[in-house]
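2 protein chains.
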Amino acid sequence: MDACGLIVEYNPFHNGHLHHLLEAKRESNASCMIAVMSGNFLQRGEPAIIDKFHRTRAALASGIDIVVELPFVYAVQSSDLFAKGSVQTLNEIGVSSICFGSESGTTSNFITSYEIFKEKESIFQEELRKNLHKGLSFPDASKFAYEQIGLATEEMDLSQPNNILGFSYIREILDHQLAINAFTVKRTKSGYHDQTISSSIASATSIRKQLFHEGNVTEQIASTLPANTEQQLNEYYHKTSVWHNWEQYFPLLHYRVMTMDHSELAGIHGVDEGLEYRIKKTAKHTQSIYEWIDAIKTKRYTWTRIQRIFVHLLTNTKKEHIQPLKTSESVPYVRLLGMTKQGQAYLNQQKKVMNVPLVTRLPQHSSFLLECEEKASNAYYSILKPSIKRQFSKQEIGPPIIIG
Amino acid sequence: MDACGLIVEYNPFHNGHLHHLLEAKRESNASCMIAVMSGNFLQRGEPAIIDKFHRTRAALASGIDIVVELPFVYAVQSSDLFAKGSVQTLNEIGVSSICFGSESGTTSNFITSYEIFKEKESIFQEELRKNLHKGLSFPDASKFAYEQIGLATEEMDLSQPNNILGFSYIREILDHQLAINAFTVKRTKSGYHDQTISSSIASATSIRKQLFHEGNVTEQIASTLPANTEQQLNEYYHKTSVWHNWEQYFPLLHYRVMTMDHSELAGIHGVDEGLEYRIKKTAKHTQSIYEWIDAIKTKRYTWTRIQRIFVHLLTNTKKEHIQPLKTSESVPYVRLLGMTKQGQAYLNQQKKVMNVPLVTRLPQHSSFLLECEEKASNAYYSILKPSIKRQFSKQEIGPPIIIG
Numbered sequence: 000m001d002a003c004g005l006i007v008e009y010n011p012f013h014n015g016h017l018h019h020l021l022e023a024k025r026e027s028n029a030s031c032m033i034a035v036m037s038g039n040f041l042q043r044g045e046p047a048i049i050d051k052f053h054r055t056r057a058a059l060a061s062g063i064d065i066v067v068e069l070p071f072v073y074a075v076q077s078s079d080l081f082a083k084g085s086v087q088t089l090n091e092i093g094v095s096s097i098c099f100g101s102e103s104g105t106t107s108n109f110i111t112s113y114e115i116f117k118e119k120e121s122i123f124q125e126e127l128r129k130n131l132h133k134g135l136s137f138p139d140a141s142k143f144a145y146e147q148i149g150l151a152t153e154e155m156d157l158s159q160p161n162n163i164l165g166f167s168y169i170r171e172i173l174d175h176q177l178a179i180n181a182f183t184v185k186r187t188k189s190g191y192h193d194q195t196i197s198s199s200i201a202s203a204t205s206i207r208k209q210l211f212h213e214g215n216v217t218e219q220i221a222s223t224l225p226a227n228t229e230q231q232l233n234e235y236y237h238k239t240s241v242w243h244n245w246e247q248y249f250p251l252l253h254y255r256v257m258t259m260d261h262s263e264l265a266g267i268h269g270v271d272e273g274l275e276y277r278i279k280k281t282a283k284h285t286q287s288i289y290e291w292i293d294a295i296k297t298k299r300y301t302w303t304r305i306q307r308i309f310v311h312l313l314t315n316t317k318k319e320h321i322q323p324l325k326t327s328e329s330v331p332y333v334r335l336l337g338m339t340k341q342g343q344a345y346l347n348q349q350k351k352v353m354n355v356p357l358v359t360r361l362p363q364h365s366s367f368l369l370e371c372e373e374k375a376s377n378a379y380y381s382i383l384k385p386s387i388k389r390q391f392s393k394q395e396i397g398p399p400i401i402i403g
Numbered sequence: 000m001d002a003c004g005l006i007v008e009y010n011p012f013h014n015g016h017l018h019h020l021l022e023a024k025r026e027s028n029a030s031c032m033i034a035v036m037s038g039n040f041l042q043r044g045e046p047a048i049i050d051k052f053h054r055t056r057a058a059l060a061s062g063i064d065i066v067v068e069l070p071f072v073y074a075v076q077s078s079d080l081f082a083k084g085s086v087q088t089l090n091e092i093g094v095s096s097i098c099f100g101s102e103s104g105t106t107s108n109f110i111t112s113y114e115i116f117k118e119k120e121s122i123f124q125e126e127l128r129k130n131l132h133k134g135l136s137f138p139d140a141s142k143f144a145y146e147q148i149g150l151a152t153e154e155m156d157l158s159q160p161n162n163i164l165g166f167s168y169i170r171e172i173l174d175h176q177l178a179i180n181a182f183t184v185k186r187t188k189s190g191y192h193d194q195t196i197s198s199s200i201a202s203a204t205s206i207r208k209q210l211f212h213e214g215n216v217t218e219q220i221a222s223t224l225p226a227n228t229e230q231q232l233n234e235y236y237h238k239t240s241v242w243h244n245w246e247q248y249f250p251l252l253h254y255r256v257m258t259m260d261h262s263e264l265a266g267i268h269g270v271d272e273g274l275e276y277r278i279k280k281t282a283k284h285t286q287s288i289y290e291w292i293d294a295i296k297t298k299r300y301t302w303t304r305i306q307r308i309f310v311h312l313l314t315n316t317k318k319e320h321i322q323p324l325k326t327s328e329s330v331p332y333v334r335l336l337g338m339t340k341q342g343q344a345y346l347n348q349q350k351k352v353m354n355v356p357l358v359t360r361l362p363q364h365s366s367f368l369l370e371c372e373e374k375a376s377n378a379y380y381s382i383l384k385p386s387i388k389r390q391f392s393k394q395e396i397g398p399p400i401i402i403g
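Sequences listed follow chains H and A, in order.
Under numbering that gives the first Met the number 0, the first residue of the first sequence carries the number 0, and numbering increases by one thereafter.
Under numbering that gives the first Met the number 0, the first residue of the second sequence carries the number 0, and numbering increases by one thereafter.
Derived from the structure by calculation, the hints contain no laboratory data.
No experiment lies behind these values; they were computed from the predicted model shown.
Any given hint could be a false lead.
It does not matter which identical chain is used: a pair holds within one copy or between any two.
What the hints assert, rightly or not - Once the Cα atoms are required to be at most 25 angstroms apart in a straight line, the calculated DMTMM-like pairs of lysine to aspartate or glutamate come out as: (1) 119 - 156; (2) 280 - 395; (3) 280 - 373; (4) 393 - 260; (5) 185 - 102; (6) 325 - 260; (7) 384 - 260; (8) 279 - 260; (9) 393 - 293; (10) 393 - 263; (11) 317 - 293.
Produce the complete structure using the sequences and hints provided.
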């Protein structure tokens, strides 16, 4: 049985993802669709609106056969680590192809870009270093470095967010010579950062913004979502009275920072170059997450970067937790969140030949990464009422979700 | 000008304290009454109902001339460290006498007991060690050890809480040969732990219990409080809508523990002998502070001891913060919280001859202990609304309170 992998965040699972899934099915001709999905915190440093278990249900009901978790330590990271975790997880579970969305939409452009990049990598690294040294943000610094080596053209613009991610997947595959065929489909209409819902394929950002603004799934929002996503959004809210957003975590994060000293702060992943002083100083005068990030941000420290740091602070993720990942070749386990009957049939075969454990319940396997997973999950649920918090945390130790 | 020192917690400042103050004034014949007062967290490991600034106002309005702070690192501790911090602070500010309340009420009994104790100290320590080894709690272990050396008689019962504290003050004075004259007044009627208000001199515990039960200062409660205390209780509530109690801190403390690993927990002051596993394990199933302490407590780990540990967890107070205090001879500074005109006149003279800095605003003097003070204060105010939290935290950097 052939499997095709998708790399998704699902916040929430919208029509764009559905479109992508159908394209991937058609192009790959695979009989099993596997999604590696971010857990409760997303790449841009935000809590997911609803938890990973409810998003897993939406994904399975929409045509995905297997949902595996992108470990937390890889999820809230810049594109290199995010790509390493995603691609290596899909590789361990044995996909023969990976399909990713991009602004470019032309697979051959990515392959050509990779070849150019390898040829000029030393120039790129030198430019990048110089740009960072000037005080530019990482996105800007790498954008100008790509320009220098001719990778910011109309055909292949590596300053666009989905192209950057896609290029990172390609690099991970080709650098490690993985037996995976990668192809891309064009991200249509709404971009990654678009804030208004302008079509039936809206960006996750715009849907998210509208959801929090309206406080319920309006008809306009519903028109951009698969029915299964709408159902899970409503179900989660019905059970918890919460759709997660950063502001709800302000009291916890503020308390945490106000009881840390500078050296502890500097031990948190992402707190570099004396940022601990800026975080502490601004904390004294702030009354919301928004106000706080706004007070910290600089040309170099972008909004997204600070949001990621806030996730690491909230979840107590230290430099010592992340450092070893940068040099490790693969992932230490694959965690199964859910599957259909079709997915189960695939896994029954696949698990016999896997090189790393397939984890189906949290305490089953002991690993440093799973401890980080547990802390992240605890932090995510910490804003719920005690009785619901307890009940929802138990999902982590339950069996995977099986539907269909 | 002669000064007499009192060691108080003021939670709240009740008629018993007023009685004690009048007795102390009469007995010492001092012209200046100085109180060393616990800050926002009290010896038994509880947040004070209202903050130290409002309690300072009540104390000054009730006849105290100077209020200085018992540094946080000494305040939430067993009697030895508590006594060291209190007595040394009063010594640095130059009191010629100290008056403490006790169940015994006879000063000579304490002096005699000290002499017996010094003579038989090695037997006491050996008994104590053996009893602790058997798994007894510290209070029980020391009670039986005192019995062994004849210090649990009717005249001098060192199993009673105020006698224990008083004996610790005497030891601190005589061990260091401080030029301080100590005397005791009898604690009348209601004991330390009494839970009902039975007379106009009620215990702090009973007043506290009643206050939280009723949610306002009833006539019965008011009859046990000086008018100034009642006023400050009401004023604090009016400004913040809060009287502090442990349950309000449950979401923060639970979040904190759920995102710590075992080794971090074991670094917190008081978390010894594998207690980190018990704290983490019970956290998963608990929905309140009460339920949580009840699940952790054992014969050896008493309710009070766990409450103290919870304060250290909440305030992020580590073993490395407290360890050096045990061997230090004195306190590194004296922090002034408030004074009357009379107190000011005393301090104008006294500060010229003091051996340690007199700190009147928090950032004035840099010290490890003051950093702990700031973290404790931040933790205490963390349950207030953001705008009020910000305003109240600023009290720490303001000038001392001056009245009269």
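Violated constraints from the hint list, given by number and in increasing order:
Of the numbered hints given earlier, the structure breaks none, since each of them holds.
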